[in-house]
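Chains as they are written, first to last, in the working numbering: chain V, 1 to 250; chain B, 1001 to 1249.
No lab work stands behind these hints: they were computed from the structure. Please note that a few of the clues may not be correct.
What the hints assert, rightly or not - Just a few of them, taken from the derived set where beta-carbon distance is under 10 Å, the chain B residues facing chain V:
| hint | residue |
| --- | --- |
| 1 | T1036 |
| 2 | P1116 |
| 3 | S1154 |
| 4 | V1158 |
| 5 | F1160 |
| 6 | A1191 |
| 7 | H1199 |
| 8 | D1203 |
| 9 | I1212 |
| 10 | G1216 |
| 11 | L1226 |
| 12 | D1227 |
| 13 | G1242 |
As the list claims (entries may be wrong) - Over 12 Å on every C-beta distance to chain V, these chain B residues come out as not near it, computed from the model:
| hint | residue |
| --- | --- |
| 14 | V1003 |
| 15 | F1018 |
| 16 | M1027 |
| 17 | A1048 |
| 18 | F1075 |
| 19 | D1076 |
| 20 | T1078 |
| 21 | I1086 |
| 22 | V1088 |
| 23 | G1089 |
| 24 | W1094 |
| 25 | A1123 |
| 26 | D1162 |
| 27 | A1196 |
| 28 | E1246 |
Every residue, glycine too, gets a C-beta built ideally from N, C-alpha and C.
Now for the letters of each chain:
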Amino acid sequence: MTTVDFTPGNYRYLPSVFQYSAGVAALPGYRIERVMFRNPVPLKAGFAEIAQIIQGAGQPLTAFCACELRSPAPFDDAGFKAFNEVYVGTLTDWGIYNAETKANPVARSNVCPEIGGPPEPSFHAFSYIAEGDAGAPQFVISGSAEARDGTAPYAERIVRLNDTSPGALREKAAFVLGRMEDRMAAFGHGWKDTTATQVYCVHDIHPFMGEEIVRRGAARNGLSWHFNRPPVIGLDYEMDCRSVSVERAA
Amino acid sequence: MEVLDFTPGNYRFVPNVFQYSGSVAAMPGHHIERVTFRRPLPLAAGFARAAEIIRGAGRPLTAFCACELRSPAPFDETSFKAFNDIYVGTLTAWGLTDGTTNPVARANVCPTFETPTEPSLHAFSFVAEGEASLPSFVVAGSGEGFDKGPGHFSERIVRFGDTSPEAIREKALTVLMHMETRMAPLGFTWADTTAAQIHTLHDIFPFLGSEIVARGAARKGVTWHLDRPPIVGLEVLMDTRGVGIERVL
């Protein structure tokens, strides 16, 4: 895995699929700031608010580097198309998504709250690049669930598909933790650099939390557990992590 | 519960015991900023660094309003008092307490991973000028005991000595209630929180959805630390906050 510079945004990213990258890191002399909305904001209104915040900070819209989404339920085809028209469409308008090469540098996590979810896809948080070195690694790793890479249907790529026994969950978690580590390693970073780790799961993680998560240093500032499901039916365990020096609530 | 003004720090607080307050909130025209250290700093060094940061922000040391500590192991009542004498000593020197009324909220826990060799500062909060991202408050850590009341503290711990799943649920419910009781006098509820932390070695899954998420206590997730509460006999500890600016140094 090799990172690619996205110079207009002053960050580099780990290429993945057209919807999102696998992670981003600030280029030297820059840092990442994360903004969490006190209440999720629907996609279109959220993009407007994000643009205001980024431009208000004196940065170009290309500084948008990561977002955390909340959706009502896993998408069906029509819903996914409508969602992407707004999401990828906005990134195209902002000069971030390249429709020709289908290169998308923006890291993303998208999950579905099990209780109290939003009525439509909404922003929970986003991150952007600001000027000034933080003196510590600055990165955001995209959410990943327990599916292997590839072009085969999801069902064929999911670790222990439809099995939520303690043994299967541990295997799913170990796979996802490995994913996080591979992605961080591509930027030259590891758990020791993280300032936050999030898990999205509606099953019990306690049986393996100590041995698999805490012991490898993946919960050094605690593990933020969201009672959410990954956005594709059949996926049961998702994580993301980051190292960010400034976080705000808006 | 009453709310007192701590004017030198520009914050209000819910009084509790001499070691710590129940909760704090910024006064109008002010907001709280939280600073986390990438690695906990031993108490004296941590206080020194905190003083630099607070003064660097152009604020008096009385703006110190909350802290999150990491300790090597649960205290017994005697060693807890000894530790508090040092801790409260610093707060006295900073003009925060007279030894009786203490406005500073606190959470203290004992990590099971990268356990510190001495009590250390993991994070602290201070009151800054300007109304950035309100509401702005911090609720002190609370276990499933009652700080005030007759008898030895252990007699005031819910389901003392019982770590069955039912007992852990009951302990957690008590802790959630403590959070609510401490937020309410300041005028806040779970809907105002930006973070909630739970510190326990026990499984929270059996009641995560029905008791924590359903009441809105995990609206930004619940940050779980596999830590022990700071007193032998306590099994579950929580803290929560509504803070608009957080930094990691």
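- request: Mind checking the CB of D1203 of chain B against every CB in chain V and telling me if the closest is under 10 Å?
  value: Because about 4 Å separates D1203 of chain B from the closest Cβ in chain V, which is inside the 10 Å limit, the hint holds.
- prompt: Minimum Cβ distance from S1154 of chain B to chain V below 10 Å?
  reply: Violated, about 26 Å.
field: Given as non-interface: M1027 of chain B, which should sit over 12 Å from chain V by C-beta
entry: holds (19 Å)
task: May I ask you to test the interface hint for H1199 of chain B with respect to chain V, counting a Cβ-Cβ separation under 10 Å as satisfied?
output: For H1199 of chain B, the interface hint holds, since the closest Cβ of chain V sits about 8 Å away, which is under 10 Å.
task: Grab the minimum beta-carbon distance between V1088 of chain B and chain V and tell me whether it stays above 12 Å.
output: holds (26 Å)
- prompt: Beyond 12 Å from every Cβ of chain V: is that where the Cβ of W1094 of chain B lies?
  reply: The claim stands: W1094 of chain B keeps its Cβ more than 12 Å from every Cβ of chain V (closest is about 26 Å).
- prompt: Going by Cβ atoms, does I1086 of chain B stay more than 12 Å from chain V at every point?
  reply: Holds, because the least Cβ-Cβ distance between I1086 of chain B and chain V comes to about 25 Å, which exceeds 12 Å.
- prompt: Was E1246 of chain B rightly flagged as not at the interface, with every chain V Cβ beyond 12 Å?
  reply: Violated, because the least Cβ-Cβ distance between E1246 of chain B and chain V comes to about 4 Å, which does not exceed 12 Å.
- prompt: Does I1212 of chain B pass the interface check with chain V, least Cβ-Cβ distance below 10 Å?
  reply: holds (8 Å)
- request: So, L1226 of chain B near chain V? Judge it on the closest CB pair being under 10 Å.
  value: For L1226 of chain B, the interface hint holds, since the closest Cβ of chain V sits about 5 Å away, which is under 10 Å.
message: Tell me if the interface restraint on G1242 of chain B is satisfied: Cβ within less than 10 Å of some Cβ in chain V.
response: Constraint on G1242 of chain B satisfied, holds at 8 Å.
F1160 of chain B as an interface hint toward chain V, with CB separation required under 10 Å: Result: violated, 22 Å to nearest chain V Cβ.
In the structure shown, a violation is registered for the earlier hints numbered 2, 3, 4, 5, 25, 27, 28, in ascending order.
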